[in-house]
Amino acid sequence: MKERTPRKAPALRADRPGVRVAAWASVIVCGGFGLLPVYWLLATSLTPRDQVFSYPPRLFPSEVSFEAYASLFSNSQLFTYMQNSIIVSVVTAVLSVIVSAYMGYSFSKFRYTGRRALMYFVLASQMFPQALLLVTLYTVFSAYGLLNTYTALVLSFTTFTLPLCVWMLKGFFDTIPNELIEAALMDGASRLRIIHSIVLPLSAPGMVAAGLFAFVRGWNDFIFALTLAGPDKQTLPPGLVNTYVGEAATAWPELMAASLVVSLPVALAFILLQRFLVSGMTAGAVKG
Amino acid sequence: MTAIVAYPLLTALVTAFFKQSLVVPGRKFVGFDNIVDVLQGNFFQLFQQTMIFTLGTTILPFAIGFALALALNTRIRGANLMRGLMLIPWLVPGVVVSFLWMWIFNGNYGVMNALLAPLGVEPQAWLAQPGTAMWAVIIAKTWQSFPWIMVMLLAGLQTVPRELHEAAEMDGAGTVRRFFAITVPQLKGIIGLVLLLEFIWNFQHFDIIYVLTGGGPAGSTQTFATSVYETAFRGYDLGHAGALGLLWLILLMALVVVYVRFSEKGEER
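Residue numbers (the numbering used here), protein chains in the order written: chain A, 1084 to 1371; chain B, 1351 to 1619.
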């Protein structure tokens, strides 16, 4: 997971004019598709509200206004959503990392019947449709009176963060040499002691990465929070949909400003993760 | 772990054989009635729409992601910066993708109409017409998916040994020839993986469709995911939701098995 792919390994040489032109053409066309909407998000969020409802739209706002952001931060309901998002995502991340540390360690260092099957099941569970899972989760949470609680949200988020974290941490534990563990066993350390004083400290970066991933997945969730919680416990994504979508005249600058604010923690997490992300995400796939 | 994922899924599938409501306790065994109902209803329309959505949102982002990966793997200036910037669409939450494209495709003030006006396209309410809504949704999802494909393929491209290209160039192979004779075969594994995962994910995608159109207009963007959700949480009808879900999972598994078989066969040749 740590190794770096060589930076300069050009598959296509840009020396030939034909290749160069084709490369630039695809960067401009595809890059435009990727980035123009981002520009539009930013530009709209800075447009005064009365200027948004005009056709044709102004591609460059004639005056920059922060009124959308101001009205966003004065909305107390949005503040509640934000608070819920933070609580639920952080608790989900911490819980996922703790549980998956032990599970990942077991997958990585012990050999037992059904280990492989269980591992693939964990991975396959990523592919189960959430809409279907919700049917049962809703019934069960409702039976235990857990609907509209943080507990319901955290538990349901864990169904999709846990497999991911287990898989990531298993990869980290695989890189810890077995000799280290055997040496500690010889010196009389207990299994738990080994996990707590050797394995976990060595995999701290992996645990931070897994935690950030779980945080982002929880933060981005829409369907679970939409269904299992009401307005006072809902997180930002369904909260924003309820606040803005379906109104006769949507407050577009405000919605775009809100979109930007919701995306910020994710962008921040990504910047922290960047080095790990690309290598971690592709390591298994490329080699396999 | 098994409990937290497998148990809910199995219980959900079991409801396929019961008459059961989300809000009223108790249930009654009805055998295959629900499944028959679903098959006689709009199942095939749903299947068709799910396939259009899934294929569209797998092929389009793949084409864009591959083109960008190839372009950014050359020595053009700004490639590194571009690689970073291109990840933005993939990073933002799904609801943000939906809000943004809802605004772009807005019928009255949307920028899409303004951009297409010089080409002689009449202003359209893209998301409110059965003919265009599905394409609008596919484009929004494409925008979210292509960066991941780009990153995966870029990583793959960097593992292609440079010697292969140099040797082929010496032998007089042109760029296009080398692309099909070296790059594509070398990337076969990763291309297969990316397409398979995208297919599985898109087959059950919910967020963007639900927020952009809610399955409308006139059910024209309804897929298995949105339909199961609507049946269970708007219609409170767990039996039919479970039946639809069961058929949906069987279909997905069948498609994946066919795909894996097919790609294994390709490997043998």
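It is worth saying that the hints were derived from the structure and are not from the lab. Don't take every hint at face value.
[Claimed, not checked] If you anchor each label on the Cβ, the simulated ranges turn out as follows:
(1) B:V1607 / A:L1275: 33 to 43 angstroms
(2) A:I1170 / B:N1392: 58 to 68 angstroms
(3) A:N1231 / B:L1469: 41 to 51 angstroms
[Claimed, not checked] Covered, in the sense of this in silico footprint (three residues per stretch, anywhere, with C-beta under 8 angstroms from a C-beta of chain B), are these stretches of chain A:
(4) 1113-1124
(5) 1131-1138
(6) 1264-1273
Keep in mind that this is a model prediction, so the values were computed, not measured. Note that the Cβ used here is the ideal one computed from N, Cα and C, for glycine as well.
Structure-based check of each hint:
1. B:V1607 / A:L1275: 33 to 43 angstroms: Holds - the Cβ-Cβ distance for V1607 (chain B) and L1275 (chain A), about 42 angstroms, lies within 33 to 43 angstroms.
2. A:I1170 / B:N1392: 58 to 68 angstroms: Distance hint for I1170 (chain A), N1392 (chain B) is violated at roughly 40 angstroms.
3. A:N1231 / B:L1469: 41 to 51 angstroms: holds, 49 angstroms
4. 1113-1124: holds (count 9)
5. 1131-1138: holds (count 4)
6. 1264-1273: violated (count 0)
In terms of the numbered hints stated before, the structure departs from hints 2, 6, listed from lowest to highest.
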